[in-house]
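A.B. asks: Chains A and B are the protein sequences, given in the same order. Take the first sequence: its position 78, counting from 1, is numbered 96 in this note's numbering, and each next residue is one higher. Take the second sequence: its position 202, counting from 1, is numbered 239 in this note's numbering, and each next residue is one higher.
Among the clues, some could well be false.
As the list claims (entries may be wrong) - Below, in silico cross-link-like pairs of lysine to aspartate or glutamate (EDC-like), each with a Cα-Cα straight-line distance of 20 Å or less: (1) B:229 x A:84; (2) B:102 x A:69; (3) A:79 x B:236; (4) B:221 x B:181; (5) A:87 x B:167; (6) A:87 x B:275; (7) A:79 x B:240; (8) B:127 x A:136; (9) B:127 x B:278; (10) B:229 x A:70; (11) B:262 x A:70; (12) B:127 x B:275; (13) B:192 x A:70; (14) B:133 x A:84; (15) B:234 x A:70; (16) B:133 x A:86; (17) B:234 x A:115; (18) A:160 x A:121; (19) A:95 x B:197; (20) B:102 x A:84; (21) B:262 x B:202; (22) B:192 x A:114; (23) B:286 x B:275; (24) B:133 x A:113; (25) A:79 x B:216; (26) B:262 x A:84.
Everything labelled a hint here was simulated from the structure, so no lab data went into it. This one's a predicted model, so the numbers in the text were calculated from it and none came from an experiment.
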Amino acid sequence: FMQRGLDSQTKKLLEEEEKKIISEEHWYLDLPDLKEKESFIIEERSFMPCEDLLYGRMSFKGFNPEIEKLMIQMNSKCKEEEIEVDGKMEADVSDEEMARRYETLVGTIGKKFLRKRDQRVLQDEDEDGNSNTRPSKKAKKKFLKPQD
Amino acid sequence: MAAGSGVAAESCVGQVVLPGDVLLLPVHPEEDGERLRLGAGAAPRGRLLCGPGLRRCAGGLLVTKCGLLRHRPAGGGAAGGAYWVDSQQKRYVPVKGDHVIGIVTAKAGDVFKLDVGGSEQASLSYLAFEGATKRNRPNVQVGDLIYGQFLVANKDMEPEMVCIDSSGRSSGMGIIGQDGFLFKVSLGLIRKLLAPKCEIIQELSQLYPFELVLGMNGRIWVKAKTVQQTLIIVNILEACEYMTAEQRKQALAKLSGN
Chain A
19 FMQRGLDSQT KKLLEEEEKK IISEEHWYLD LPDLKEKESF IIEERSFMPC EDLLYGRMSF
79 KGFNPEIEKL MIQMNSKCKE EEIEVDGKME ADVSDEEMAR RYETLVGTIG KKFLRKRDQR
139 VLQDEDEDGN SNTRPSKKAK KKFLKPQD
Chain B
38 MAAGSGVAAE SCVGQVVLPG DVLLLPVHPE EDGERLRLGA GAAPRGRLLC GPGLRRCAGG
98 LLVTKCGLLR HRPAGGGAAG GAYWVDSQQK RYVPVKGDHV IGIVTAKAGD VFKLDVGGSE
158 QASLSYLAFE GATKRNRPNV QVGDLIYGQF LVANKDMEPE MVCIDSSGRS SGMGIIGQDG
218 FLFKVSLGLI RKLLAPKCEI IQELSQLYPF ELVLGMNGRI WVKAKTVQQT LIIVNILEAC
278 EYMTAEQRKQ ALAKLSGN
């Protein structure tokens with residue numbers, strides 16, 4: 019209620035009365051506290067943990083290589099065998115081929131990001147061949163002041 | 038309901054049990070105490086696994102299905118031992134975590150409806166595939182076969198499936214490819230085939246190269262190079278439920294001889 023003018027004491031009395039009323043009306047169980055025993059039985063409706071069943075997808079004699087890999091993975095997880103993890107992963111492309119490709123790749127992608135002027139320079143160099151000694155003429159065009 | 042006094046669980050292992058039987062477990066010394074007993078006497082026991090066909094009740098385990106009682110002693114994998122009832126049935130009940138083969142029956146907006154052989158159709162969201170986003174939808178048509186696992190499966194709700202595992206990878210789940218042959222067997226045979234060292238599978242793998250997907254709902258999908266080879270494998274798998282080991286070896290010997 020909006021009771022501003024009440025003293026703090028009367029407020030406290032009112033609150034206590036309210037609490038008393040509530041506690042009498044509150045229903046509570048008159049039973050002793052049941053001690054919950056830690057049960058050591060787990061109920062389980064699935065057969066998988068009981069019988070240690072294998073994984074359902076299988077492939078034999080190389081019919082489906084991905085599934086054969088999966089079989090080894092899943093069944094080793096179940097049996098908790100430790101398979102030595104190879105440090106070197108199977109590579110689809112050999113190292114040499116990778117190095118060769120990478121060499122050319124860096125060049126071709128790098129060209130894409132050159133500015134137009136540098137691209138022209140590159141073209142000139144290609145046309146003239148390997149002439150590294152020749153100083154590049156139009157390296158950077160400076161602003162030419164218009165002659166009066 | 039006064040049931041007869043229970044029988045010790047260990048004595049019934051390997052025997053037929055009927056629903057309503059109460060199995061007593063060896064009583065723990067000091068259940069309430071928290072002190073660990075060091076020494077060879079009572080090793081601290083892990084949790085006991087109460088598998089399908091059994092329920093927990095006051096005093097022990099209550100059998101809910103008829104079948105043979107199996108026990109696995111405490112080993113390295115699961116903590117504590119495991120008891121379960123090995124029963125045979127053809128009708129599948131969805132269970133959380135099971136990998137099953139489902140057939141897409143309908144596409145309803147963002148969700149596919151799959152038939153898994155249970156009482157209700159399971160739902161599968163299009164985002165539950167590896168690498169699927171709102172723009173990059175998986176190419177699933179009505180009639181496709183999907184290998185996935187149950188995320189939610191209880192008797193109060195519609196079962197939900199997903200095709201990725203908890204780390205977000207598909208690990209073999211998803212749409213099963215073209216061709217191949219799907220057929221249904223009983224659930225007991227599937228468990229037999231999925232057992233760690235299954236002779237049937239080992240012997241079959243010597244015959245031809247082929248691919249096999251086993252769903253816990255009783256469905257098997259086979260694909261081999263030619264139609265004839267596929268059908269041979271299908272017939273062997275269906276028949277091996279009732280053949281003895283020798284009959285099976287004879288049949289396979291004939292085939293590999295041909």
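A.B. asks: Failing hints, ascending?
C.D. replies: 1, 6, 8, 11, 13, 14, 16, 17, 18, 19, 20, 21, 22 and 24
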